[in-house]
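Could you build the full structure based on these sequences and the hints that come with them?
Letter by letter, the chains look like this.
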Amino acid sequence: MTPLILFYVAGFVTLASAILAITRTNASHALIYLVVALLAIAVIFFLLGSPFAAALQIVVYAGAIVVLFLFVVMMLNLGKSSVARERELLTRGIWTLPSLLALVLFAVVLFALVSGDHEAGAQARMIEPKEVGIALYTKYVLAVELAGVLLLAALVGAYHLGRRYLADRREEEESS
Amino acid sequence: MFGIEDFWSYALILPVAVGVLLGALVLVWWERRLLGWWQDRLGPNRVGWFGSLQALADLIKLLTKDDWLPPFGDRVFFILAPIIVTAAMLLAFVVVPFTPVLVIVESNIALLWFLAMSAMAVYGVLLGGLSSNNKYALLGGLRAAAQMVTYEVFLALSILGVVMLSGSFSLVDIVENQRDGLWHFIPQALGLVIFVIAGLAETHRLPFDLPEAEHELTAGFHTEYSGMKFGLIMAAEYVALILLSCLIVILFFGGWLGPSFLPPVVWFGIKVVIVINFFILLRAAIPRPRYDQLMSLGWKILLPLTLVNILATGAWVLGTQG
Amino acid sequence: MALPQEAAQEPPGIVSDLITRFGESTRLQTTVDDYPTVWVDRENIQDVLRFLKHDADTPYELLYDLSAIDERLRKHRDGQPASEFTVFYHLMSLSGDHDLRVKVALQDDDLHLKSVESIYPVANWYEREAFDMFGVQFDEHPNLRRILTPPLWEGHPLRKEHPARATEMEPYQYSEEFQDAQQEALKFVPEEWGMSRDAKHTDFMFLNLGPNHPSVHGVFRIALQLDGEVIVQAVPDIGYHHRGQEKMAERQSWHTYIPYTDRIDYLGGVMNNLPYVMNVERMAGITVPDRAQVIRVMLSECFRIASHLLFYGTFAQDVGQMSPVFYMFADRERLFSIIEAITGGRMHPSWFRIGGVTQDLPDGWYEMVTDFCDYMPKRLDHYEKMSLQNKILQRRTKGIGAYNTAEGLDWGITGPSLRATGSDWDLRKNRPYSSYDQFEFDIPTASNGDSYDRCVVRVEEIRQSLRIIRQCAENMPSGPYKADHRSTTPPPKERTMEHIETLIHHFLNVSWGPVVPPCESETLVEATKGWMGFYSISDGGGMAYRSRVRTPSFPALQQIPFISNGFMVADLIAIIASIDFVMADVDR
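Chains as they are written, first to last, in our numbering: chain A, 8 to 183; chain B, 113 to 434; chain C, 7 to 594.
Simulated from the structure, these hints should not be mistaken for laboratory data. Accuracy of the hints is not assured; some may be wrong.
[To be verified] Straight-line C-alpha distance at most 25 Å; calculated SDA-like pairs for lysine to any residue: (1) Lys391/C to Phe390/B; (2) Lys247/B to Ala187/C; (3) Lys404/C to Asp404/B; (4) Lys412/B to Tyr172/A; (5) Lys247/B to Asp233/C; (6) Lys247/B to Thr208/C; (7) Lys247/B to Lys193/C; (8) Lys397/C to Gln405/B; (9) Lys247/B to Glu190/C; (10) Lys397/C to His327/B; (11) Lys247/B to Ala205/C; (12) Lys397/C to Ile413/B; (13) Lys397/C to Ser408/B; (14) Lys412/B to Ile72/A; (15) Lys137/A to Arg291/B; (16) Lys391/C to Leu147/B; (17) Lys146/A to Gln433/B; (18) Lys247/B to Gln189/C; (19) Lys397/C to Leu409/B; (20) Lys59/C to Pro42/C; (21) Lys404/C to Leu409/B; (22) Lys391/C to His327/B.
As the structure is a computational prediction, the values presented were derived from the model and not from experiment.
Listed below in structure tokens is the structure:
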């Protein structure tokens with residue numbers, strides 16, 4: 008019974024902080040709500056029996072990716088003007104359509120939950136890190152390889168962009 | 113995980129937390145005495161026996177100081193930041209086994225939990241730098257973010273060799289794995305060196321204290337902090353040092369293992385104190401590299417080395433254990 | 007040995023060259039320091055200096071000093087052109103080993119002169135200083151603004167009508183409006199320095215480093231234009247430590263000014279007394295006995311070691327090495343105990359006197375000094391292993407903030423920082439003073455001129471200083487420690503009680519101080535941080551009419567932007583640490 012209550016609490020926190028993350032006009036505040044949402048999701052993973060996924064969720068998403076987002080926000084030095092601009096962006100015309108689409112998606116999930124067969128999801132079972140590893144490198148090995156290729160492409164792309172930036176800078180310095 | 117049989121171990125939470133914080137307090141004094149001894153000067157020697165109450169006096173001073181909030185900063189984050197660092201570091205102690213029984217939660221993801229908590233500690237530093245609305249703090253925060261995210265990678269990769277040898281993320285299993293064979297610091301010497309370097313960067317202590325680098329950024333991310341909020345940041349730094357030393361002892365030096373004339377917890381304590389002294393020695397001896405030098409050390413030297421370590425360990429494990 | 011400093015040889019023909027090129031109005035003046043001093047028309051000043059720097063037979067690479075003299079109250083100006091304000095340029099040719107002083111006469115109602123900043127970059131700050139102190143307008147100067155006094159200061163302090171003492175002024179008021187106005191005036195505005203706030207890819211951050219910052223060694227402020235952590239442009243701001251040393255020289259007697267000199271480079275101690283007393287001795291025609299000269303050398307070298315040790319420790323500390331500074335302070339403490347035993351003082355003994363030194367050496371000095379000479383080399387080997395050979399320290403400092411000899415001279419750099427670029431110019435060797443020609447020692451040099459080399463040269467200088475000190479101890483001449491001359495100060499006490507004449511003589515010499523005949527003279531020494539010089543003008547009184555103090559740290563700070571642009575903030579700290587400056591030496 009306890010895990011169920013914890014699950015609902017975590018679920019509520021996830022949703023609430025996700026909504027707050029979208030509606031905050033201050034970028035760094037929004038990101039912190041995003042972190043909270045990610046942490047809450049990690050709790051859900053944990054409750055569903057995959058501590059490994061929970062830990063990775065914290066290490067990778069909360070611990071590295073959002074940190075880099077925050078890093079960028081700090082670099083951009085967003086002040087009051089950007090908060091005001093964000094506020095202008097959040098007019099009704101802009102958020103109505105995405106919200107409607109999200110509502111449709113929500114209805115589908117609700118329908119699936121009410122009518123469909125969700126026995127599989129309810130069978131919470133401890134999944135050892137070892138199992139995850141074995142699954143990744145046998146059953147899903149192609150996906151792992153594909154992800155690797157994708158990351159390599161991203162790396163090359165980032166390198167290219169960085170180099171172009173440096174070249175531009177050098178030109179600028181020479182001309183000045 | 114939530115079985116009733118574990119319940120008694122939750123009683124350990126309070127003693128461990130208090131013990132670790134007290135340890136941090138003693139460590140502040142001990143480090144200053146040791147540095148004083150090595151540097152031909154006295155160190156704190158007035159308050160109490162050999163100045164041993166100096167840290168307590170400092171604590172009282174910090175507690176009674178005016179609790180000042182910078183009016184130009186982000187108040188919520190400013191208060192939150194020191195809480196996050198301290199909490200994250202204390203939470204990491206949940207999985208640290210001092211002996212096979214003296215552990216709050218014995219988990220099969222203990223190592224990952226440690227990594228997750230040290231990842232969370234980044235937020236404290238980052239938010240402290242961001243919310244101070246101070247250029248030195250901002251530069252410190254930026255350095256901290258880049259440095260800690262980078263070195264988290266090597267921190268994680270450097271212990272994979274140990275994990276492979278033990279076949280588990282559980283810290284108790286890792287120590288037990290060293291009972292019959294060699295302690296891991298011999299087969300995993302490379303992993304140990306990288307773990308120490310990455311751990312130093314992660315705890316941002318002197319050779320790698322770039323986020324606060326006094327000579328460049330006055331006090332870096334905590335420039336605006338004073339009173340007990342500064343005290344918390346300071347405490348977190350020392351808690352992190354104790355945590356790192358515990359982890360090194362567990363992962364590489366056989367944790368509580370040792371000849372049976374002393375109880376396991378004493379062996380653990382002795383080893384941890386030796387490792388802590390080693391870190392203080394590093395602080396006294398080594399100058400600080402530049403920010404970009406630290407980064408290129410990580411990506412250009414440590415990353416290939418960790419990968420080689422993982423490859424070699426993997427091959428060895430495969431060869432010996434089939 | 008006639009004079010403490012051998013006069014520089016007059017370059018054959020340079021003066022007649024100038025006269026043929028720049029007309030009959032070019033006039034020669036004689037000074038007791040035997041530097042050729044020529045007066046030129048103000049219209050020609052740029053051409054004259056350009057000729058001297060580029061086309062003279064032995065080019066004058068170094069604009070050593072530039073300042074002005076308020077001549078309006080001066081009585082003895084025999085043979086000099088009419089002038090109310092004289093701007094003087096002290097040029098040096100290291101290749102030819104000679105000096106030239108160029109003077110320009112100006113009238114108070116038209117204080118305009120062309121800037122020579124485009125010929126000698128170092129002139130930039132010196133012209134700002136002359137403007138600040140005298141109100142001389144340098145046309146074509148890129149940014150002629152006050153440098154030593156606050157931006158809102160009223161008047162020009164070194165003009166004779168400006169009060170020298172607070173008692174000559176209205177009581178000091180400090181209102182809130184005054185504070186706000188001052189603070190507003192100190193605000194750094196990038197546009198005033200020709201900086202833009204953003205570029206194509208980036209917004210710049212402006213960081214105000216100092217005046218209170220752990221590694222600016224005093225009250226020094228430097229405003230940085232940063233792209234990330236990379237320095238795009240830097241603007242040093244000085245003057246927070248300005249005490250008006252030159253103004254004070256005009257109101258203290260020749261003797262009572264000695265303690266003020268100690269405070270100029272406060273790490274140099276008696277090293278600061280040396281050029282001052284040697285200069286006054288030359289003007290008064292005093293010959294200093296051998297024993298006093300060797301004692302002066304020994305004490306000066308002790309202070310060189312003390313200063314370099316502090317440099318060494320803080321250098322390591324500024325790149326993040328925590329411990330060396332403690333060891334070096336302990337060694338410095340040993341040195342100070344010797345200095346205290348000899349002089350009674352520690353950092354500011356003010357121990358040299360006009361004509362000699364205060365007292366003879368105490369009993370037991372020999373053992374103390376030689377013990378230290380035995381003890382120190384081993385420590386230096388230890389520090390070398392700990393700091394200079396440390397790979398991280400090398401990576402932090404090698405190739406950082408480098409310049410070559412020509413660039414160094416353009417910026418007025420002298421002393422160890424210049425020798426780090428490969429030049430072996432050392433006044434102790436090239437123009438031996440105070441019996442330095444009697445000692446055996448080497449001039450350490452390095453070749454890269456970067457932060458690391460500046461440290462290496464200084465460390466080696468410590469060893470050479472130890473050599474000199476040992477030779478002083480072994481070969482200390484006997485004889486009097488003070489010259490037998492009527493102008494030496496204070497006059498010998500034991501001669502006062504003879505009869506009324508000696509008593510009156512003593513009384514006058516103590517209360518009024520010696521009178522120096524009207525003349526001009528400049529004396530340089532190889533001080534701890536570079537060349538330090540006093541250029542004094544006596545109008546035949548008991549005080550200096552004008553005393554110019556030229557210190558090595560001032561131009562070194564001006565150079566910072568040009569060796570730190572493109573480096574990171576951490577490198578700037580390494581550069582600042584390697585310059586070895588003292589703010590009191592900069593601001594005076």
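Q.
Check the hint pairing Lys397/C with Leu409/B against an upper bound of 25 Å on the C-alpha distance.
A. Holds - the C-alpha atoms of Leu409/B and Lys397/C are around 13 Å apart, at most 25 Å.
**Q.** Distance restraint between Lys247/B and Gln189/C, which requires alpha-carbon spacing of 25 Å or less
**A.** Holds, at about 19 Å.
Q. Given the hint that Lys397/C pairs with Ile413/B, does the C-alpha gap stay at or below 25 Å?
A. Given pair Lys397/C, Ile413/B holds - Cα atoms ~16 Å apart, limit 25 Å.
Q: Starting from Lys397/C, check that the Cα of His327/B is at most 25 Å away, please.
A: holds (19 Å)
Q: Mind checking the alpha carbons of Lys404/C and Leu409/B for me, to see if they're no more than 25 Å apart?
A: holds (17 Å)
Q) Between Lys412/B and Ile72/A, does the CA-CA distance stay at or below 25 Å? A) Judged against 25 Å, a Cα distance of about 21 Å means the pair holds.
Q: Given the hint that Lys412/B pairs with Tyr172/A, test it: the Cα-Cα distance must not exceed 25 Å.
A: holds (21 Å)
Q | Distance restraint between Lys397/C and Ser408/B, which requires alpha-carbon spacing of 25 Å or less | A | holds (15 Å)
Q) Under the criterion that the straight-line Cα-Cα distance not exceed 25 Å, is the pair Lys247/B, Asp233/C satisfied? A) Satisfied, since the Cα-Cα distance of roughly 13 Å is no more than 25 Å.
Q. Is Lys391/C within 25 Å of His327/B, Cα to Cα?
A. holds (23 Å)
Q: Would you check the hint for Lys247/B and Thr208/C, treating anything up to 25 Å between C-alpha atoms as holding?
A: At roughly 16 Å apart (the allowed maximum being 25 Å), Thr208/C and Lys247/B satisfy the hint.
(Q) Check the hint pairing Lys247/B with Lys193/C against an upper bound of 25 Å on the C-alpha distance. (A) Holds, at roughly 16 Å.
Of the numbered hints stated above, none is contradicted by the structure.
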